[in-house]
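Colleague: Sequence:
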Amino acid sequence: MFRALASILLCCFFLQTFFWFYISNGNLITCSGIVPMRFRNDKISITDFGGVGDGKTLNTKAFREAIYRIQHLGRRGGTLLYVPPGVYLTDSFNLTSHLTLYLARGAVIKATQDTWNWPLISPLPSYGRGRERPGGRYMSFIHGDGLQDVVITGENGTIDGQGAIWWNMWRQGTLQFTRPNLVEFVNSRDIIISNVIFQNSPFWNIHPVYCSDVVIQYVTILAPSDSPNTDGIDPDSSSNVCIEDSFISTGDDLVAVKSGWDEYGIAYGRPSSYITIRRVTGTSPFAGIAVGSETSGGVENVLAENIVLYNTGTGFNMKTNIGRGGFIKNITVSEVFMENVRTGHYIKEHLGRESPASRFDTRPQERPFHRHLSFKG
Numbered sequence: 001m002f003r004a005l006a007s008i009l010l011c012c013f014f015l016q017t018f019f020w021f022y023i024s025n026g027n028l029i030t031c032s033g034i035v036p037m038r039f040r041n042d043k044i045s046i047t048d049f050g051g052v053g054d055g056k057t058l059n060t061k062a063f064r065e066a067i068y069r070i071q072h073l074g075r076r077g078g079t080l081l082y083v084p085p086g087v088y089l090t091d092s093f094n095l096t097s098h099l100t101l102y103l104a105r106g107a108v109i110k111a112t113q114d115t116w117n118w119p120l121i122s123p124l125p126s127y128g129r130g131r132e133r134p135g136g137r138y139m140s141f142i143h144g145d146g147l148q149d150v151v152i153t154g155e156n157g158t159i160d161g162q163g164a165i166w167w168n169m170w171r172q173g174t175l176q177f178t179r180p181n182l183v184e185f186v187n188s189r190d191i192i193i194s195n196v197i198f199q200n201s202p203f204w205n206i207h208p209v210y211c212s213d214v215v216i217q218y219v220t221i222l223a224p225s226d227s228p229n230t231d232g233i234d235p236d237s238s239s240n241v242c243i244e245d246s247f248i249s250t251g252d253d254l255v256a257v258k259s260g261w262d263e264y265g266i267a268y269g270r271p272s273s274y275i276t277i278r279r280v281t282g283t284s285p286f287a288g289i290a291v292g293s294e295t296s297g298g299v300e301n302v303l304a305e306n307i308v309l310y311n312t313g314t315g316f317n318m319k320t321n322i323g324r325g326g327f328i329k330n331i332t333v334s335e336v337f338m339e340n341v342r343t344g345h346y347i348k349e350h351l352g353r354e355s356p357a358s359r360f361d362t363r364p365q366e367r368p369f370h371r372h373l374s375f376k377g
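Numbered per the numbering used here, the sequence shown finishes at 377, counting up by one with no gaps.
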């Protein structure tokens, strides 16, 4: 029922968005060309490795063996891993370079709810610790580190994080480490994510961090409005990121541009830059488009245009804190349609004293500054 309603809303609002855009501009502008879609010479199916889409069989071994095979094939042009219709239950797994993960219509890759055996990884250097808890963090459900030329696409198949068990652990205060994201790419480039439904993420949905040349388009991201911290797309210390033509309905910010947390983000010093957010439609109890609150590495050259928001807390929210450092500059927000949105735009510089550091420093160099902010229409 939830997915069916979301699909109807998606179609209606996409039509509204495109109609409005064409009337205003007469043509369709896109930034998706920064990463070309590559043809794969080699194709394999998850069923070739024993994958069973019955919703009960654990397919972790099948996914890991298939990706291991692709990693060691070395085929020119890369390999497509086909996931046919069915529900494929699996633990988290790592991707590899020169891979297309292709979900057929009716295919669902579903996360196991076995939180005890979920792998742990080191905290991001620009955060210094897990975002929620000290120490490491749980690896994202689908993970990529140090990769290039990776595509996640298909015929609107679904990646389901089954996040309710994690949300309840957060509410009950029983989390030992920071919850896993649904999809995360670290230190990677030439990434395309398109034509896939993402739902019920334990934490943030799509998190490209320390990445360059990333295209995310024609995706649907769904989570209940009361699901904690289920941000839609969070470009983090990344450059040349294109987010277009997507529908997002979650429990937190639809898109939040980040760049590290307090003194760790300042020391790492990698900004988010050249981020384009275009023709995104959605609803959230929090922000439609946000910058922050983790902005310690700096955020610059962000364009958000042709955005449709309804039943949302804030249209655009720029949030940071004393001690966070960094800069926010050259931000342009234009052509935003809002219906039943409580606040159009809001700039908040005092988010409280939460910090990954043992001290809370308010020296001048750790005070954030912002300039060249433009809001139109």
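A portion of the hints provided could be inaccurate.
[What the hints assert, rightly or not] Below are the DSS-like pairs computed for lysine-lysine, each with C-alpha atoms no more than 27 Å apart in a straight line:
| hint | residue 1 | residue 2 |
| --- | --- | --- |
| 1 | Lys61 | Lys43 |
| 2 | Lys56 | Lys110 |
| 3 | Lys110 | Lys61 |
| 4 | Lys110 | Lys43 |
| 5 | Lys329 | Lys376 |
| 6 | Lys56 | Lys43 |
What the hints contain is simulated information worked out from the structure, not anything from laboratory work. Small disclaimer: the values here were computed from a predicted structure and weren't measured.
Colleague: Against the structure shown, which of the earlier numbered hints fail to hold, in ascending order?
Modeller: none
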